[in-house]
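2 protein chains.
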Amino acid sequence: MADERAKKVSEEATEAVRRTWRDPKVDISREREVSTVDSGALACVLAGGEESLKRRGVLSRLLQAEPWANKADRYFLSREELHKRGLQVAIGIRELVEKHGLSYDDALTMRKLVDLPGGFELHFGMWMPTLLNQGTEEQLEKWMGPSIGMEILGTYAQTELGHGTFLKGLETTASFDEERDEFIVNSPTNTATKWWPGGLGKTATHAVVMCRLFIKGRDYGPHPFVVQLRDLETHLPLPGRTIGDIGPKMGYNGVDNGFLSFDHVRIPRGALLQRYTKVTREGSYVPPPKQNAKSSYATMVSVRADIVEYAGEVLSKAVTIAVRYNAVRRQTTSVPGQPEEIILNYQQSARNLISQIAISYALLFMGRSMHQMHESFEADRESGDFGLLPELHATSSCLKALCTWLTTSGIEICRQSCGGQGYSVLSGLPGLYTNYVQNLTWEGDNTILCLQTARYLTKTLMSILQAHKRGDSQPALAETVAYLAGTVQEDPFLDLSRQDLELHDLFSFEVLDSLMSQRSLFVAKQALENLEANARRMEVRVQLGEGLAWNASHVSLVKLAKCHGWLLLHRSFFGQVAALEKDAKLPDSSVKVLRDVAFLFTLCHVEDSLGDFLEGNILLPSQASVIHEAVQELLRKLRTEAVALVDAFSHDDYSLNSAIGSRDGDVYNRLLRMARSSPFNATQEGPAWDAILNPFFNRGKRTAKL
Amino acid sequence: MADERAKKVSEEATEAVRRTWRDPKVDISREREVSTVDSGALACVLAGGEESLKRRGVLSRLLQAEPWANKADRYFLSREELHKRGLQVAIGIRELVEKHGLSYDDALTMRKLVDLPGGFELHFGMWMPTLLNQGTEEQLEKWMGPSIGMEILGTYAQTELGHGTFLKGLETTASFDEERDEFIVNSPTNTATKWWPGGLGKTATHAVVMCRLFIKGRDYGPHPFVVQLRDLETHLPLPGRTIGDIGPKMGYNGVDNGFLSFDHVRIPRGALLQRYTKVTREGSYVPPPKQNAKSSYATMVSVRADIVEYAGEVLSKAVTIAVRYNAVRRQTTSVPGQPEEIILNYQQSARNLISQIAISYALLFMGRSMHQMHESFEADRESGDFGLLPELHATSSCLKALCTWLTTSGIEICRQSCGGQGYSVLSGLPGLYTNYVQNLTWEGDNTILCLQTARYLTKTLMSILQAHKRGDSQPALAETVAYLAGTVQEDPFLDLSRQDLELHDLFSFEVLDSLMSQRSLFVAKQALENLEANARRMEVRVQLGEGLAWNASHVSLVKLAKCHGWLLLHRSFFGQVAALEKDAKLPDSSVKVLRDVAFLFTLCHVEDSLGDFLEGNILLPSQASVIHEAVQELLRKLRTEAVALVDAFSHDDYSLNSAIGSRDGDVYNRLLRMARSSPFNATQEGPAWDAILNPFFNRGKRTAKL
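Protein chains in written order, with UniProt numbering: chain A, 1 to 706; chain B, 1 to 706.
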């Protein structure tokens, strides 16, 4: 429609603009050419073999053919639509599994690829596992069949409006009525209302409800009871149950997290899950065997290994998007007439993002290491050996906390490094963050988990010091905490503060391991001293894990747990790289790059927490500059590997669903395409024209007409 | 409905539970009793006088009577509803102003209280101000009338899909057609598409469009042109304009941020805003006077003062919610049968939140200081003295960046310290975060602003060093950067590393000021050395603000800008407290507490960045422990003042709209009430029953019927 003359007049301007324009598709392919990493081979390693990588591709294509798995409208769905879609996805995957005879692992993979949790999550994730672990044969017979057939849908109701982590504080009661051989489930306060369980709001028909068991007025503490919530025909709540959805959340809105309170609801005695605990007809209580607690700890460990692995998957998605965008996004040139500079070539962008690549690898490798720990524990356990459990529990506690914290802050670093586009939901980054952050609280609040680790570490340190004081032989220490014995040993560590530190000295696992161990030991001693000082000040005795002095020392104790976690991440990263070097599944050049990534991981952390290393005299102030140099050198070395390193995470475009993070780098066309499809653009006038804007513009005329 | 026997059997359990239950309303009122702060008097000080505080209350009540200002359903609105509501709010406020003859400030206050930005934001915020600053008399005559009357709605279209901060890189062109005496506005590439302008998507009828001006093929750089976008009758885009909404964002979804591209659109020569720049009929270009750039810098400074003040307001909202919740939320007791501990009594919670109270005060006081700086600058400017401008510009750049970063991270610290409830939208915290974070990018990307400050600081430092080297007299330095001269002076600072540091030594402004100044100077020298080292390595000359070496030194330069900003915040905080002490508007006890808050502000930062202080030999490793002690002591002292200190921010319940942050502490009833009103709970069966769950449950039967 434009007139020819207009085009003619604009020609020179158009040429001038196009001269400096660059095609992002070309920019990103150049990144791949210059890299020395074999991202294909590395992808296989990370995916656990070529087979499972291929498998993921097959399942992804399978999903993309299904309307319910289509992500084109994902970012435009209302909460209600999201909730419906979440259920359709779960049903759809179930049908695909039946239709194609897929495995359970395939189903899990598809769940991750679709990435839309819904109302059935806890049916599979908590309801059925709890029945299996805690139910008797008869109980399984009664509930497992219909659960597998999904004729009934379950959830797990533990958290209450007023009570989270502290189980003993739960206020929902189950009182035994000897006369009728029933329990009466009741919510005596508003804070006793069950709050948060996924699927409880509008989906679940049944729930395992954690109640404090009372028999003849005596409190036996929290126990799991199966309670039917809704009528199976009408789906209406049964009498005495008040049920609802708790409202919108920052993310995770496909799931109908719910609330539930009871007004003296009668349930049969057989509703108590009683594989380990029983209440007899006469109302006498049969307590659980000790082993049981231990085995449930073991399950907790494998759950946490999954959490750590998942933290790595989510962060690796975020950094894939951010690195690809920063590798094609251009901004500012000091040379007039030249194309603008690629943002990833600016040091700050590299520091932000390449360090997040390193953290992603560290988390993925840590997940792998934790699964290995868990397996070896399970092996010992067969032979009744629970010796490793306390260490495993302490280890997994701080790692759950640290890794979910790292992913939470890492996603935001990635999102913010994408500037305005990172604020657009279409980038995929806001959703990654808002859906993920709940992991800081879920499965154990991070602060409280850190305190559990701190309790184990301070206890170990105290036993070492006391043995030393008494001149006794040192207690046997688990491998991960052996460094604590350094406090009573002579020259236990490679001491760098005595020599001039050269750049090349730092590129050694032993050197970094010595630094990290000494730091963690220093912080442990500091935390214990702080605890003792607070106890003196408050004139109370030193208690580990509780008490006034402990509560007044949380900051140094939480810090200790984090430092221990960093040490574990550092060791697992180098350990996995060493293993890769042995089994030679990767070209040497790729292993070399991975080792540099490991160095960057640890050295960025040393740089970010220099205060500890200097305060502990582990490094001298004069040595700090070498740390800065080392980080800068690694960033330069790894700059050209960045895109290949994120390609190796092998998140396909379907999985990322990002306008700015797709593999081909075609950022701007994709942003335009996705924006055009927004429901807001269904009409040219927009959603507010008829009801608001048009009347507003015509208000003058209307009043005139009166 | 519950049977009497059931109640009877449950009685003992109910009593046992109620014995440890505590009423949050009682807990929070106790907090107010024990505080020594006169929160009423402090509120007046913060609000700038009792009058404006009262005024805010009046306006709040006025709003609460209006349906469009009602927040009861705010958290349940779809994006479309949010957009409509945003327009209704702007129209509603306009009508209230007319009806009650309210002032412009009243309107701004109401806008903040309703807190729902919409499609008219840039009409008032950018379109009209730009016309006023850049338009000639005739142009004002033509557009201001209808703009004030809101017969036309404007926006400001600068940012493009491919171009943000770097203005010279804009790709939208305006070529002068001498023959027709018109400009031809065109988008030669997809990246030239205007992207982000608020209200552009579906609301605005006009826009100031920044285009690169081309005359006879010569590029004169970006200039503002007024372009009509939509037909005033049909609201449809005029020919040659492609307009739409850019889709959902992480927050701020009441606003229809839009995209816009041009296909050779003809506009008259008079569409160029030409108060300072002209294009004559013959196509010769009349450049702007120098002063103009300077005066626009000045406006930028006052805008940034507002941003800093706003950062303080938003963070103070978040910390009000979090402190009130942490003051009533209870968790864990080590003494069986006792009520659980109030979370704020745990040291970690106090460290997280009381430090955020301190930052909130620091930001609010900094905003005040910046406005004072700006006023004194305006005074000098009257007499043509622009001397302070470079400093003012550098100062405001790093402060915009640092303060928006602090608020962003601070909101999340507050949100996360509320555990699960902080993840619920009903807490108000997720919305504070998702709506706020855009401020990191908006009005100048934070990293780039930091680099502008770093450029000024390194330049100043270089001039000091060169003058010293040449033995010349030192250049005159603005007050805020005078500390840089310390690098060539003998004993310029109070040197603490020479003495034993006692706890009481730290509670002195002079001592802390010396620490903070030395740290900032050390980081400045480090950044300059890093820049020079990179220049040597790359064999290029040292350039400030651009060039390869500069781009390879961003990390230390950005750090420098942040450290300078921290120093400014520290000084402004103590300065404002000193002023309060003088004018005696506050009881001494309250001033005393405020000074402790200032100490906490600076000492928490010193503790968090100990690495700098030790690396710079400003503190000795052996002195670090005193810093930790000081922070712990201040946290203990301020624990009982926390609730009163957030009360003083005087955000009323309407403004906070938080289930867990209301003044009365009635957290749990409010959560239940708000959740019940969720549209998800409109029916017992929920939104997915008819379409999905019911068919799914009956699938078996249906197939049977086949």
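Take the hints with a grain of salt, since some may be wrong.
A pair holds if it fits inside one copy or across any two, identical chains being indistinguishable in the list.
To be verified - Listed below are the simulated BS3-like cross-link pairs for lysine-lysine, each with C-alpha atoms no more than 30 Å apart in a straight line:
#1 7 / 216
#2 7 / 582
#3 7 / 168
#4 592 / 278
These are computed hints drawn from the structure, not numbers from a lab.
Just so we're clear, the structure is a prediction, and the values are computed from it rather than from any experiment.
Going down the list of hints, with the structure as the test:
1. 7 / 216: Between copies only: 14 Å across, 92 Å inside.
2. 7 / 582: neither (64 Å within a copy, 68 Å between copies)
3. 7 / 168: Classified as between: cross-chain Cα gap 22 Å, same-chain 77 Å, threshold 30 Å.
4. 592 / 278: neither (58 Å within a copy, 60 Å between copies)
In summary, the structure is inconsistent with hints 2 and 4 from the numbered list given earlier, while agreeing with the others.
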